[in-house]
Amino acid sequence: MSASNERDRTHAGVALARDYRTPDGQPDPLSALDQPRIGAPLSRVDGLQKVTGGARFAAEFALEGMVHAALAYSTIARGRITTLDTAAAEAAPGVVLVMTHDNAPTLQSPPVFLTTAQGAAGDDHPVLQNDQVHWNGQPIAVVLAETPEQAEHAASLIRAEYAPEPAVTDFRTAATREPDNVLGGPPSVSVGDAEQAFGTAPRRVDAIYRTPRHNHNAIEPHAVTLAWHDDELMLHDASQCVDHVAYSLAQVFGIAESQVHVSSPFVGGGFGSKTLWQHQILAAAAARVADRPVRLALSREGVHRVVGGRACTEQRVAIGADEQGHFRALIHTGKAAMTAHNNLPEPFTQATRCLYGADHVQLAIRVADLDMLANTFMRAPGESVGTFALESAIDELAEQLDLDPLELRRRNEPERDPTSGLPFSSRHLLEASRAGAERFGWDQRSARPGERYEGEWQIGLGCATATYPYMRMPGAAARITLSRSGAARVDVAAHEMGMGTATVQTQVAAARLGLPVEQVRFNYGDSSLAGVVLAGGSQQTAAIGGAVIAAHRALVEALLELVDGDSPLAGLTIDEIECRDGGLGAVADSARFETYDRILARAGRDELAIEADAAESEELSHFSMHSFGMIFCEAAVSAVTGEVRIRRLLGSFDCGRVLNAKTAASQFRGGMIMGLGLALMEETQFDTRSGRIMNPSLAEYHVPVQMDVPEIEVMWTDIPDPHTPMGARGIGELGITGVGAAVANAVYNACGRRVRELPITLDKLL
Amino acid sequence: MQWTINGRVREAEIDFRTSLLDLLREHLDLIGTRKGCNQGACGACTVLVDGERINACLALAVQYQGRSITTVEGLAQDAELHPVQQAFVEHDGFQCGYCTPGQLCSALGMAGELRRGMPSAVTTDLTSDDIAPSHEELRERMSGNLCRCGAYNGITAAIASTLATEGRS
Chain A
1 MSASNERDRT HAGVALARDY RTPDGQPDPL SALDQPRIGA PLSRVDGLQK
51 VTGGARFAAE FALEGMVHAA LAYSTIARGR ITTLDTAAAE AAPGVVLVMT
101 HDNAPTLQSP PVFLTTAQGA AGDDHPVLQN DQVHWNGQPI AVVLAETPEQ
151 AEHAASLIRA EYAPEPAVTD FRTAATREPD NVLGGPPSVS VGDAEQAFGT
201 APRRVDAIYR TPRHNHNAIE PHAVTLAWHD DELMLHDASQ CVDHVAYSLA
251 QVFGIAESQV HVSSPFVGGG FGSKTLWQHQ ILAAAAARVA DRPVRLALSR
301 EGVHRVVGGR ACTEQRVAIG ADEQGHFRAL IHTGKAAMTA HNNLPEPFTQ
351 ATRCLYGADH VQLAIRVADL DMLANTFMRA PGESVGTFAL ESAIDELAEQ
401 LDLDPLELRR RNEPERDPTS GLPFSSRHLL EASRAGAERF GWDQRSARPG
451 ERYEGEWQIG LGCATATYPY MRMPGAAARI TLSRSGAARV DVAAHEMGMG
501 TATVQTQVAA ARLGLPVEQV RFNYGDSSLA GVVLAGGSQQ TAAIGGAVIA
551 AHRALVEALL ELVDGDSPLA GLTIDEIECR DGGLGAVADS ARFETYDRIL
601 ARAGRDELAI EADAAESEEL SHFSMHSFGM IFCEAAVSAV TGEVRIRRLL
651 GSFDCGRVLN AKTAASQFRG GMIMGLGLAL MEETQFDTRS GRIMNPSLAE
701 YHVPVQMDVP EIEVMWTDIP DPHTPMGARG IGELGITGVG AAVANAVYNA
751 CGRRVRELPI TLDKLL
Chain B
1 MQWTINGRVR EAEIDFRTSL LDLLREHLDL IGTRKGCNQG ACGACTVLVD
51 GERINACLAL AVQYQGRSIT TVEGLAQDAE LHPVQQAFVE HDGFQCGYCT
101 PGQLCSALGM AGELRRGMPS AVTTDLTSDD IAPSHEELRE RMSGNLCRCG
151 AYNGITAAIA STLATEGRS
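Sequence order for the protein chains is A and B. Quick note on numbering: UniProt numbering labels position 263 of the first sequence as 263, and the sequence is numbered without any gaps. Quick note on numbering: UniProt numbering labels position 87 of the second sequence as 87, and the sequence is numbered without any gaps.
Do not rely on the hints blindly, as some may be mistaken.
Unchecked claim - Now the in silico label distances, taken between C-beta atoms and shown as ranges:
| hint | chain 1 | residue 1 | chain 2 | residue 2 | range |
| --- | --- | --- | --- | --- | --- |
| 1 | B | 83 | A | 518 | 22 to 28 angstroms |
| 2 | A | 591 | B | 83 | 47 to 53 angstroms |
| 3 | B | 112 | A | 83 | 54 to 60 angstroms |
| 4 | A | 234 | B | 83 | 19 to 25 angstroms |
Quick caveat, the hints were computed from the structure, so don't treat them as lab data. Here the structure is a predicted model, which is why all the values come from computation and not from measurement. The beta-carbon is built from N, C-alpha and C at its ideal position, and this holds for glycine as well.
Pulled out of the complex, with its shape left as it was, chain A reads as follows:
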């Protein structure tokens, strides 16, 4: 982009957003397609720090007098510790403290995620408060020592004996129950009588699909460096929920939330895992007992022992259709592994609630309580594994009907949300599908499997729908500080784990304020900042957007109050104002304009700071709001070894306005790559006899590497959602959804083997 071009673009004024949330509301002016700064492929504002090694992560802070922690873990799934011999550990060189349930301070049970507004904990087990063991790998002791080597060595000297009790560790045979809720909603949804309608439908598919446990495996292992200053706790954490962690730790230690300060400016990937687990509690408790600052950096194995992953599922999808493929009955039921101590039934039916019109619908989730580390949120919980089942079944039905699977989906495209009855705020899935099919060359697909060979390789094409809901959770707020120089700082207690938040929000705030990007700083990653903003549920961008809209309006109102009779702005109301060229101007009157600098100078002010809360997410009560997409995959299957290679992958998305084409494309690709892992290799292996995770390492838990990943094409409709901030919907989780089925369907098209159990490893194709 040339300099003059850039100047022209900053001249474009932005009026203030009005209420975008209601059916007769007005779209955010920033969502308009003639706002070219939105979507511009700005390189990351924190790029320099990341390529020079200057970005400092949680385990990289050194505090005066700091000691290092190491953990010892249980080796049984359930029972009681009868002996915990710590003598050798205590006598080992450099050891400062060995903390067990015998000498740990009294702690309250941590508040579980989704049970209170700011609960952050993976489970509600008391931490080191008694001799009970609840999972294989539960921490049973913490060692503090002067060096990491000394701490690790001493932890290895701890000897435990147990009185084991019967444990439920086999998902296949465990009893199931209906959970209290699924993401705050009902565990089952019914429209009509789906079983009856299915029984009489002329065309039917009915199959069971299985997905294994997964772990996030962010490359930065979980770590915390912390210190107590009297009764105040300061943490350098790796966090996607700084305020939730501050609140939850305050509950555990019986202090006020304001006494806990969480800082987390750089996070080495989260994907749902970087919340509150036992390691932060153990480190803080040990620091209190030893009266020393503590660093606790989990080993890769430690992450698998202490931080939960995605639960395994067994799902039934049954579709009954007429001869034209119209769905008469859509049934999606099944079970997921869970524990009695957390609140996340893996919500695998979520996508099925909104994707297809069917006369009769039945969705139900049951859970099997196991004695295991609590499962948790992992990128698109529900949709990533739920779409594998649903979109595989649709492929199976399409073949039976001799229909192109895209055409079968088109015939069941709903007018309104099929289970809530609400209108969609913006749904352009068919456009995205058509554009994607054209770019991908979908018309080259052979309808019958096993027809295309290249040497030993059988080639096939597959597709699947992607979807993830729009959310905007309560609690977001933003503080804008505008200075005489025309610089602005936006403070939000939000997070940057690689999604591009720092860059995109700088871009958005600059556009909204009519300032160059260089004049705006977005400040985040600290619990002392404004608002409560979870980096989860793909909601962060919208949540921050809603807060900045509110703060922006309050800021302009305050500026107008400073304006006196001599100002060219005198007499204008807020809805006649737009931000442009580093100041305020009248909409459609270029003569009436005054810079921020002059407004502040006239009023004798150096700066103006305003904080405001985001408006409640009323839009979600009026509309069904989701992002959509179609994933296209070309797979090659070796007829000799059964090896699968992905040769091409394309995602065509309908996600509202894209805010930064560069970071959005990366986020989509990243999600799709994690989807390739889900499809082809990822599995947390769980010993059903002992309840122990057997592959707690990156050597044995395989994630996609360069050689597994082709050049991935991504495209989007860029149609603004009229009812969201910036016209955007979240994209962090959308990319992984649909990929499992797109791969499975491509593999089927290549070689005629229908694999209904992930991952699709070569043994299943021989």
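Model the placement of chain B on the given structure of chain A, informed by the hints.
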């Protein structure tokens, strides 16, 4: 004990069990070299020793005295980014940035291997001393560096553009 790191002599008294990775991170505050697995599976700790890439987590620090060690902190010269660092920014070759220093050092070590005609598993002409840095070659040779955010396309694009520029100059 003494090490030569990024052209400077550094001294530290360490436990003999200390890995080169822990020497850098815990004793010299060179935190750019990252610990992702501590067992040679992820490549986040990749550094250059006499120009060749190694996993610092699998190296004992005491064995690397007298060698020339380069970490990510030594890539930029006089506040000028190395071209491959600049290319990573332009091509979005990272998201969270945690694996990035290892990717950068690995890319530079790999470029040396290509220049020396060292074949990989996908090299078709094993006798060639001029191996073209095809997308396939770059993917194969960079497969020891995991990126969970999935910036793989950006990483290969950044490396390819850097190698192409080097080739022209």
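For each hint, the structure was consulted:
1. B/83 - A/518: 22 to 28 angstroms: holds, 24 angstroms
2. A/591 - B/83: 47 to 53 angstroms: For residue 83 of chain B against residue 591 of chain A, whose Cβ atoms are near 48 angstroms apart, the range 47 to 53 angstroms holds.
3. B/112 - A/83: 54 to 60 angstroms: holds, 55 angstroms
4. A/234 - B/83: 19 to 25 angstroms: violated, 40 angstroms
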